[in-house]
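Let the sequences and hints guide you as you build the complete structure.
Protein chains: 2
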Amino acid sequence: MSAGWFRRRFLPGGLLPAPGTPRPRASPVPYRRPRFLRGSGSGPGTADASRRPDARPVRSPARGRSLPWNAGYAEIINAEKSEFNEDQAACGKLCIRRCEFGAEEDQEWVTLCPEEFLMGHYWALFDGHGGPAAAILAANTLHSCLRRQLEAVVEGMVATQPPMHLSGRCICPSDPQFVEEKGIRAEDLVIGALESAFQECDEVIGRELEASGQVGGCTALVAVSLQGKLYVANAGDSRAILVRRDEVRPLSSEFTPETERQRIQQLAFVYPELLAGEFTRLEFPRRLKGDDLGQKVLFRDHHMTGWSYKCVEKSDLKYPLIHGQGRQARLLGTLAVSRGLGDHQLRVLDTDIQLKPFLLSVPQVTVLDVDQLELQEEDVVVMATDGLWDVLSNEQVARLVRSFLPGNREDPHRFSELAQMLIHSTQGKDDSLTGERQVSYDDVSVFVIPLHSQGQGSSGH
Amino acid sequence: MSAGWFRRRFLPGGLLPAPGTPRPRASPVPYRRPRFLRGSGSGPGTADASRRPDARPVRSPARGRSLPWNAGYAEIINAEKSEFNEDQAACGKLCIRRCEFGAEEDQEWVTLCPEEFLMGHYWALFDGHGGPAAAILAANTLHSCLRRQLEAVVEGMVATQPPMHLSGRCICPSDPQFVEEKGIRAEDLVIGALESAFQECDEVIGRELEASGQVGGCTALVAVSLQGKLYVANAGDSRAILVRRDEVRPLSSEFTPETERQRIQQLAFVYPELLAGEFTRLEFPRRLKGDDLGQKVLFRDHHMTGWSYKCVEKSDLKYPLIHGQGRQARLLGTLAVSRGLGDHQLRVLDTDIQLKPFLLSVPQVTVLDVDQLELQEEDVVVMATDGLWDVLSNEQVARLVRSFLPGNREDPHRFSELAQMLIHSTQGKDDSLTGERQVSYDDVSVFVIPLHSQGQGSSGH
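Protein chains in written order, with the UniProt record's numbering: chain A, 1 to 461; chain B, 1 to 461.
Derived by calculation from the structure, the hints in this document are not laboratory data.
Note that the structure is a prediction, hence the values are computed from the model and not measured.
Note that CB positions come from ideal geometry on N, CA and C, so glycine has one too.
No incorrect hints appear here.
Sample of chain A residues at the chain B side, in silico, Cβ under 10 angstroms:
1) Ala152
2) Lys296
3) Val362
Within a straight-line C-alpha distance of at most 27 angstroms, the following computed BS3-like cross-link-like pairs (lysine-lysine) qualify:
4) Lys310/A x Lys229/B
5) Lys289/B x Lys314/B
6) Lys229/A x Lys310/B
DEER-style ranges, computed between Cβ atoms:
7) Ile171/A x Lys356/B: 32 to 42 angstroms
8) Gly213/A x Asp350/B: 52 to 62 angstroms
9) Pro357/B x Tyr319/A: 27 to 37 angstroms
10) Ser253/A x Pro250/B: 14 to 24 angstroms
11) Lys314/A x Gln438/B: 51 to 61 angstroms
As structure tokens, then:
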């Protein structure tokens with residue numbers, strides 16, 4: 001966990017529109033020292049791995065703390081790959097003001113009393129690469145972008161059905177029918193707002209990094225609880241899952257050079273100049289060499305999900321656009337993810353070949369209709385960066401959740417303890433629970449979000 | 001059913017590689033007059049709707065017959081939208097020779113005795129538009145393309161794991177490991193062959209239509225039973241489903257301007273010249289008009305799955321790239337499908353704007369592991385053109401299948417009867433079975449494929 005992380009404020013209401021706006025009643029902000037931090041000096045803004053008596057040279061559960069917010073519990077661990085933690089997080093209440101529409105020129109924001117806010121909850125994990133700069137910017141910025149995007153469409157969100165025109169004036173009598181036939185629902189506006197917010201945040205990061213001479217990028221996984229639904233937006237290789245007594249449901253999918261192979265190859269097919277003659281667009285089981293020339297080898301191009309054979313030509317010996325498999329797959333030999341924020345300056349080492357054209361900042365959004373679930377008190381969403389999922393499967397995480405929560409019903413901090421325990425189990429501890437010793441050498445961040453508090457009433461408006 | 005349809009031969013073994021090659025024993029080729037054809041003159045090559053006493057002016061079940069083949073049963077009906085049926089079909093045994101590899105220059109085909117063929121089954125439905133020419137060409141060509149593509153990789157298909165090099169010579173000692181790590185299986189070669197065959201067939205159709213001064217395109221839905229698996233390749237809006245006693249499983253998904261909106265909008269974003277300034281790439285709930293100028297209206301662009309609002313500009317008033325919803329959605333105001341074969345010459349009426357750049361000939365392929373199913377005698381795959389699915393849901397078709405087959409166990413022609421009955425029920429007959437009167441005004445083609453005969457042994461090699 002970086003200094004930047006501690007410096008950011010995670011007060012409930014921290015995502016409110018502007019100073020001076022009436023805020024909803026703030027929840028208490030308890031600080032609890034995480035159990036695995038045995039050092040004595042860890043307080044907000046002061047945590048430092050060097051003080052920790054149990055620091056280890058390669059990886060250590062340095063600087064972890066529970067996030068002081070009552071609707072989600074996070075643990076973050078720095079694997080000390082970099083001086084500052086490349087994992088960053090943010091969470092808070094999301095208060096969306098309603099815009100009163102009049103004539104275009106005299107539209108003004110009307111501050112309503114707190115009860116009339118559209119109120120939601122926001123959790124976000126950012127896994128940085130090339131330094132923590134982009135992740136820190138994203139953690140400080142994305143929620144504001146999202147609030148702005150939501151406020152721009154909130155009028156449509158609170159209507160039974162989004163109106164064709166935002167002012168509500170029907171120009172054509174069958175406008176509502178057109179909207180209905182297209183099946184456009186309020187949740188589509190939230191999805192659209194999330195998509196736009198990620199793109200806006202990406203632009204902000206590009207400008208800010210350039211202005212400050214910094215570099216880097218990050219993945220982004222966001223959960224938003226709003227109007228009885230949980231929206232999970234993902235750009236990168238973090239993951240969110242729903243864990244219930246009898247169900248484990250993925251709420252996101254990963255975007256890596258491997259999972260987005262066809263999109264990336266297609267782009268290189270359309271714009272071959274992006275490869276500057278240095279890479280081959282085709283996929284082979286391994287990098288080809290001189291001996292392969294003239295042989296028929298397995299290959300895949302952008303239009304293929306299956307495999308075929310081709311006769312190897314000289315141009316096939318170039319370095320592959322996507323190389324390696326699984327966790328080792330790299331885009332242009334450089335990057336392990338294909339969506340995220342930042343990376344505007346990222347180039348292949350010692351070349352002018354840019355990665356940004358191949359990266360998407362737009363997330364995939366899934367919607368969980370929380371109000372339709374018959375919620376149990378121990379239904380949770382687990383969000384985590386790839387450091388967790390590299391060593392624990394969805395099912396293993398679900399087993400840990402189910403083995404921990406029922407025995408700790410009286411503990412008011414049990415969701416926070418669970419997040420800690422999940423991180424513990426990536427550090428080669430608690431292997432009695434997972435059955436084998438699994439160790440993550442990456443930064444790890446985990447949110448555990450109890451769904452019971454997210455149902456109707458708590459997140460409606 | 002067109003004259004072209006009757007002229008084509010559907011003899012078992014009709015898809016064999018070449019005359020003179022030893023053929024597997026042919027199954028008998030019974031001709032059965034379909035029950036709903038009350039006319040007397042319908043024999044192969046002679047069916048003519050004008051002779052039918054029950055012909056109706058708008059649509060009529062003209063010229064239908066059961067496909068004379070024992071591993072799948074088809075019914076085709078001409079809605080008389082056009083003089084010739086735009087629906088075409090093909091089926092037969094697929095015999096794949098093995099290529100013996102020596103030095104590149106002296107490779108030669110070795111004719112093996114029939115038992116050493118890799119033997120499969122092939123069924124295909126083609127739904128033409130702009131005339132039957134493309135569909136007829138596809139029905140006459142695609143199986144040859146597929147056989148050629150399969151023969152080019154058959155050595156890899158029959159190996160435990162496809163070799164990195166088709167000659168089988170490992171150049172790098174860890175070649176098998178690379179193939180294994182990529183998870184490349186024999187079935188990926190069949191998928192690749194299907195993808196390549198569709199593209200090859202598309203090129204053949206383009207050349208043939210141009211040479212003969214004809215036009216048109218068609219969708220293509222193909223099922224191939226091979227080595228204990230059923231491959232379903234789909235490019236267009238036909239559909240295949242698996243119906244079992246307690247399961248209905250879609251084996252394909254439809255490709256229309258609506259389902260492929262993002263791909264199509266993305267292409268127009270990359271190549272705006274494809275729209276020649278005449279169309280807008282953006283999607284709106286309805287076509288915009290002058291009154292909408294300056295208003296904020298619902299819209300979607302290529303990167304969005306959700307919706308947002310934008311201020312209407314003049315360029316937004318152009319005709320939308322994709323317009324209408326559901327069955328009415330049209331690409332460039334012209335075409336209701338976004339994948340298929342042909343259409344090389346198709347242009348927007350009175351313009352030079354081509355549709356072909358937006359169309360994909362490559363199919364989506366799904367694989368059903370038939371050997372892993374505990375097959376019941378009444379498990380079938382139903383393949384049909386959109387004429388059927390426009391009026392019957394998957395579940396309605398499954399109900400019809402389940403209500404028909406068990407009561408007709410002794411009837412050797414029951415699968416053929418079932419295909420007829422399914423077509424009947426799109427003609428407003430048998431509404432006692434579907435519960436309501438549903439009528440299709442489109443051509444309708446149906447294959448019913450009993451899976452029991454497709455398991456191991458019958459389709460292995």
